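Protein chains: 4
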Amino acid sequence: MKAIIDLCVVPLGVGVSVSEYVAACERILKEASLKTQLHAYGTNIEGDWDTVFAAVKRCHETVHAMGAPRISTVIKLGTRVDRDQTMDDKIRSVETKLR
Amino acid sequence: MKAIIDLCVVPLGVGVSVSEYVAACERILKEASLKTQLHAYGTNIEGDWDTVFAAVKRCHETVHAMGAPRISTVIKLGTRVDRDQTMDDKIRSVETKLR
Amino acid sequence: MKAIIDLCVVPLGVGVSVSEYVAACERILKEASLKTQLHAYGTNIEGDWDTVFAAVKRCHETVHAMGAPRISTVIKLGTRVDRDQTMDDKIRSVETKLR
Amino acid sequence: MKAIIDLCVVPLGVGVSVSEYVAACERILKEASLKTQLHAYGTNIEGDWDTVFAAVKRCHETVHAMGAPRISTVIKLGTRVDRDQTMDDKIRSVETKLR
Chain A
718 MKAIIDLCVV PLGVGVSVSE YVAACERILK EASLKTQLHA YGTNIEGDWD
768 TVFAAVKRCH ETVHAMGAPR ISTVIKLGTR VDRDQTMDDK IRSVETKLR
Chain B
718 MKAIIDLCVV PLGVGVSVSE YVAACERILK EASLKTQLHA YGTNIEGDWD
768 TVFAAVKRCH ETVHAMGAPR ISTVIKLGTR VDRDQTMDDK IRSVETKLR
Chain C
718 MKAIIDLCVV PLGVGVSVSE YVAACERILK EASLKTQLHA YGTNIEGDWD
768 TVFAAVKRCH ETVHAMGAPR ISTVIKLGTR VDRDQTMDDK IRSVETKLR
Chain D
718 MKAIIDLCVV PLGVGVSVSE YVAACERILK EASLKTQLHA YGTNIEGDWD
768 TVFAAVKRCH ETVHAMGAPR ISTVIKLGTR VDRDQTMDDK IRSVETKLR
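Residue numbers (the numbering used here), protein chains in the order written: chain A, 718 to 816; chain B, 718 to 816; chain C, 718 to 816; chain D, 718 to 816.
Simulated from the structure, these hints should not be mistaken for lab results. A portion of the hints provided could be inaccurate.
EDC-like mimics (lysine to aspartate or glutamate), calculated; alpha carbons at most 16 Å apart, straight line [stated by the list, open to error]: (1) K774(D) x D806(C); (2) K719(C) x E778(D); (3) K814(D) x E737(A); (4) K747(B) x E812(C); (5) K814(C) x E743(B); (6) K747(D) x E812(A); (7) K814(C) x E737(B); (8) K719(B) x E778(A); (9) K747(A) x E812(D).
Covered, in the sense of this in silico footprint (three residues per stretch, anywhere, with C-beta under 8 Å from a C-beta of chain B), are these stretches of chain D [said to hold, decoys possible]: (10) 731–740; (11) 801–814.
Computed from a prediction, not measured in an experiment: that's the story for all the values here. Glycine included, each C-beta is placed from N, C-alpha and C at the ideal position.
Sequences are here, hints too, so could you generate the full structure?
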């Protein structure tokens with residue numbers, strides 16, 4: 718099953734600056750060969766369900782290993798069985814209607 | 718790794734009433750022997766990471782099998798390595814400060 | 718317009734324990750006479766849209782005033798115009814199907 | 718108070734294709750002169766708290782007026798008082814650490 722998710726990992730107990738933890742997650746997602754797009758409030762990820770969630774788990778393990786005692790993550794998760802749809806398709810579908 | 722998550726599964730393309738799909742997910746979570754608490758905008762779930770996410774996957778598979786062509790789910794996901802904390806602990810911790 | 722929301726306020730830069738901030742928000746919601754239900758990963762809130770979001774704003778102002786330099790909040794927000802529905806209705810609707 | 722939010726409006730009861738509703742929200746956000754960035758699972762929005770949430774309310778009113786009986790929206794909402802930060806700053810902050 719393919720999934721498109723939006724991932725936002727928020728480490729707690731490490732101060733206000735969280736970008737190094739987000740960068741570590743970006744590296745993990747790239748190593749997993751997942752298609753990703755960073756935005757200002759998370760990262761869009763497209764891939765096989767198991768590959769995606771294995772990478773999310775590795776993000777939590779890594780951010781804890783970097784010193785964060787607590788993590789509060791938000792995931793938006795979309796699956797569909799009526800047709801194949803990519804992240805690019807989703808954006809194009811909205812942009813077409815804005816013309 | 719233990720996780721406490723808040724799961725909200727929203728099937729699309731099946732009309733406005735989604736309670737039968739939510740009920741199916743509740744059954745899956747119970748069968749997985751996960752500790753859960755239903756609320757008005759989702760379900761709190763406490764358990765081992767892999768068990769939790771295997772159940773979430775089964776929820777998507779089941780809701781699709783029930784006829785939903787598309788699902789948009791929201792997950793809040795907490796892990797911590799500084800100490801063990803249950804869902805009950807989290808609520809009690811706030812309620813103590815409200816007295 | 719009536720709204721049912723799920724509010725989860727996460728202060729950053731104040732360490733791992735966030736319960737006193739959550740408790741402060743609970744007090745604000747009560748003072749606003751909103752119907753609320755605390756759970757392990759947020760608070761369900763039911764009320765008039767403007768009253769609800771004025772209270773959410775007051776939560777952010779208060780948590781900042783308590784010393785949190787940064788806040789990352791998650792809101793699930795439901796509105797419907799086909800019929801009136803309370804938080805209790807939503808839970809009952811699922812529980813009926815579990816019997 | 719300035720806010721950076723991530724908005725994802727999901728209309729229920731209108732079938733699986735939701736792009737026309739998302740496009741209507743994009744128009745509302747532009748008319749409100751808010752800085753926005755559409756991505757594959759929502760829209761990042763930067764602006765004054767009151768302007769942002771007035772626009773979110775108008776989105777719900779409009780999507781209902783377009784025929785959606787029910788809406789389930791997800792908002793991630795960030796505020797900070799330690800320093801001014803834009804959506805571009807947030808992305809740059811992560812990208813710098815990826816080099």
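Practice problem: Please name the hints from earlier in the document that this structure breaks, with their numbers sorted from lowest to highest. | Solution: 1, 11
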